[in-house]
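Residue numbers (the numbering used here): 1 to 491.
Just so you know, the hints here were simulated from the structure itself, not pulled from any lab data. Incorrect hints may appear among the rest.
[As the list claims (entries may be wrong)] Distance ranges between label pairs, derived from CB positions:
#1 487 - 60: 49 to 59 Å
#2 474 - 99: 40 to 50 Å
#3 487 - 41: 27 to 37 Å
#4 88 - 43: 43 to 53 Å
#5 446 - 486: 19 to 29 Å
#6 29 - 347: 50 to 60 Å
[What the hints assert, rightly or not] Quick list of in silico lysine to aspartate or glutamate cross-link-like pairs, EDC-like style, CA-CA up to 20 Å:
#7 88 - 103
#8 374 - 430
#9 318 - 222
#10 374 - 410
#11 374 - 397
#12 318 - 459
#13 70 - 103
#14 149 - 222
#15 88 - 65
#16 374 - 254
#17 170 - 41
#18 70 - 42
#19 88 - 42
#20 99 - 144
#21 401 - 434
#22 149 - 120
#23 88 - 41
#24 480 - 434
#25 99 - 459
#26 415 - 397
#27 318 - 279
#28 149 - 103
#29 70 - 144
Quick reminder that beta carbons are idealized off the backbone N, C-alpha and C, glycines included.
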Amino acid sequence: MREFNKPGIIIVLLTIIFCLSGALIGDALAAVYYVSPTGNDDARGTYAAPWATFIRAMIALRPGDSLYLKDGVYCQSLDVTVSGRAGKAIVFRAVNDGKAVVDGRWIMRALRIANRSHVEVDGITFRHSGGGSNAHGLDISGSDHIVLKRVIADGSSGYNSAVISLCGVKDSLIEDCAGSGPGRVVLNILDCRNITVRRCWLDWSGPSTGGGDTSSIAQIYDSSHVLMENNIGVNMTHTPTDDLSIWAHYKNADHNTFIGNVVYHTSAYSAGGFRDTAEYGSHSSYGRFEDNVSILPVAGAYHSVDADVIGTDHHISKNNTYVGDGGGEGFFVHERPNRADQVTTAAVENCSFINVGAGIYASSSGDNTVSAHKYNNFYKVQACLWNKKQMVPPGLDRSEKCNTLNPGYDARYGKGAYLMASAALKGKGEAGADIGASVIYRYQNGVLTGVPLWPWPMEARILAEFHLSPTWEAKGGIWKSLAGVYPRRKK
Numbered sequence: 001m002r003e004f005n006k007p008g009i010i011i012v013l014l015t016i017i018f019c020l021s022g023a024l025i026g027d028a029l030a031a032v033y034y035v036s037p038t039g040n041d042d043a044r045g046t047y048a049a050p051w052a053t054f055i056r057a058m059i060a061l062r063p064g065d066s067l068y069l070k071d072g073v074y075c076q077s078l079d080v081t082v083s084g085r086a087g088k089a090i091v092f093r094a095v096n097d098g099k100a101v102v103d104g105r106w107i108m109r110a111l112r113i114a115n116r117s118h119v120e121v122d123g124i125t126f127r128h129s130g131g132g133s134n135a136h137g138l139d140i141s142g143s144d145h146i147v148l149k150r151v152i153a154d155g156s157s158g159y160n161s162a163v164i165s166l167c168g169v170k171d172s173l174i175e176d177c178a179g180s181g182p183g184r185v186v187l188n189i190l191d192c193r194n195i196t197v198r199r200c201w202l203d204w205s206g207p208s209t210g211g212g213d214t215s216s217i218a219q220i221y222d223s224s225h226v227l228m229e230n231n232i233g234v235n236m237t238h239t240p241t242d243d244l245s246i247w248a249h250y251k252n253a254d255h256n257t258f259i260g261n262v263v264y265h266t267s268a269y270s271a272g273g274f275r276d277t278a279e280y281g282s283h284s285s286y287g288r289f290e291d292n293v294s295i296l297p298v299a300g301a302y303h304s305v306d307a308d309v310i311g312t313d314h315h316i317s318k319n320n321t322y323v324g325d326g327g328g329e330g331f332f333v334h335e336r337p338n339r340a341d342q343v344t345t346a347a348v349e350n351c352s353f354i355n356v357g358a359g360i361y362a363s364s365s366g367d368n369t370v371s372a373h374k375y376n377n378f379y380k381v382q383a384c385l386w387n388k389k390q391m392v393p394p395g396l397d398r399s400e401k402c403n404t405l406n407p408g409y410d411a412r413y414g415k416g417a418y419l420m421a422s423a424a425l426k427g428k429g430e431a432g433a434d435i436g437a438s439v440i441y442r443y444q445n446g447v448l449t450g451v452p453l454w455p456w457p458m459e460a461r462i463l464a465e466f467h468l469s470p471t472w473e474a475k476g477g478i479w480k481s482l483a484g485v486y487p488r489r490k491k
């Protein structure tokens, strides 16, 4: 029988135990470092002796560590070159919410995260970013498990640029953030999967810098399983844009959900308040638009369902409110010209159409259909249902009302009245549901909660940064008054 060297075995075992215990201790003692605009890279990286640059911090950061940014302006890009791991994200956080400002000086990206994972950015303001072709303000690509919270992005001015760009990103969250600036798109989500965008304020301030067909407030581009909940899209310029949209261009875009969102324009018309579009052989399927509000001038609440070849299918619009100023279409079903083989189907239910030229308008040389429309209410609508192919209005479902039910939205709330189901439309929908949207409580992962949505979570910071309010109408927001919207809590 072979003899083993017992002392050698003991040494090996002790070494393994030591390494494992060291790893556990290392995990338990995650480090906290600090940077400051007045710091020194030869310092220790503590609160009292912070570093000066993000590059210096990247050398030290390990999974589970945090880098805190002290107050002030950092004229350098936050280029994240490290990764965390599951349960041990690397965190970049402002010591005081919104007081740490990363300034790109219009010549560089303010934030770049490329091919990294498990990174969280919290409470930081990014300004004056972008400047070159495809130079996005916050540029996140090829990464996963990225979290942006309470981040403000003000910038992006290059050709075909976005204020916030996600490309090839998966399993990530953008929550309680704000983006504003010129460029093609405020928020672009390209070739991504499993992304949640929650309670973000997105303001397209123009001008457009070119690239692609249109400018957009936010677009889900060749991406699937994206959840957009309780976001606000704003355009206060005289330049038209798409608002919150799905585009299937080179790849399919499936199972994307828009729920509890609000879009409004003050001057320009919209090419699509909520848009679901497929082209060039791709398709968009199972798009769900529910409990959203679109308030648009000139072109009405123009909701386009475009598709090509395979078509946009299984599209559902439910309990939405579309408000115009007498023109345009509420819900527009369309196909690309000369594609008779294309079929687009959409279901429209429990929606409120107000002051638009046509309620549901099918413009088609093929077989595009609104496969189901029921329990919709049309008020001050010239043609409730219209089919351009047949050139005759199709008949209303017996559950629908054309210009007979005045929603009677309460004027004391201003445009904010449209965010509540009116008393006249309560219980008039399918199975006793309300008709129209009710966007006054928060959604969380697609589930409606009892937590008030208004005033907006980032109200104070957005007002300070952009001199605009997501909430108060007098300062560019949606509400004239919040009096009586929420029941008073008992003391």
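To see whether the hints hold, each was checked on the structure:
1. 487 - 60: 49 to 59 Å: 51 Å, holds
2. 474 - 99: 40 to 50 Å: 27 Å, violated
3. 487 - 41: 27 to 37 Å: For residue 41 against residue 487, whose Cβ atoms are near 54 Å apart, the range 27 to 37 Å is violated.
4. 88 - 43: 43 to 53 Å: For residue 43 against residue 88, whose Cβ atoms are near 25 Å apart, the range 43 to 53 Å is violated.
5. 446 - 486: 19 to 29 Å: The hint (19 to 29 Å, Cβ to Cβ) holds, given that residue 446 and residue 486 are roughly 22 Å apart.
6. 29 - 347: 50 to 60 Å: Holds: the Cβ-Cβ distance is about 55 Å, inside 50 to 60 Å.
7. 88 - 103: Violated - the C-alpha atoms of residue 103 and residue 88 are around 28 Å apart, more than 20 Å.
8. 374 - 430: 8 Å, holds
9. 318 - 222: 23 Å, violated
10. 374 - 410: 25 Å, violated
11. 374 - 397: 6 Å, holds
12. 318 - 459: Not OK: residue 318 and residue 459 at ~29 Å, beyond 20 Å, violated.
13. 70 - 103: 14 Å, holds
14. 149 - 222: Violated, at roughly 24 Å.
15. 88 - 65: Roughly 8 Å between the alpha carbons, so the hint for residue 88 and residue 65 holds.
16. 374 - 254: 24 Å, violated
17. 170 - 41: 34 Å, violated
18. 70 - 42: 17 Å, holds
19. 88 - 42: 27 Å, violated
20. 99 - 144: Since the Cα atoms of residue 99 and residue 144 sit roughly 27 Å apart, the hinted pair is violated (cutoff 20 Å).
21. 401 - 434: 14 Å, holds
22. 149 - 120: 8 Å, holds
23. 88 - 41: Status violated; Cα separation ~25 Å.
24. 480 - 434: Violated, at about 23 Å.
25. 99 - 459: Status holds; Cα separation ~15 Å.
26. 415 - 397: The given pair, whose Cα atoms are some 29 Å apart, is violated under the 20 Å limit.
27. 318 - 279: 24 Å, violated
28. 149 - 103: 18 Å, holds
29. 70 - 144: 27 Å, violated
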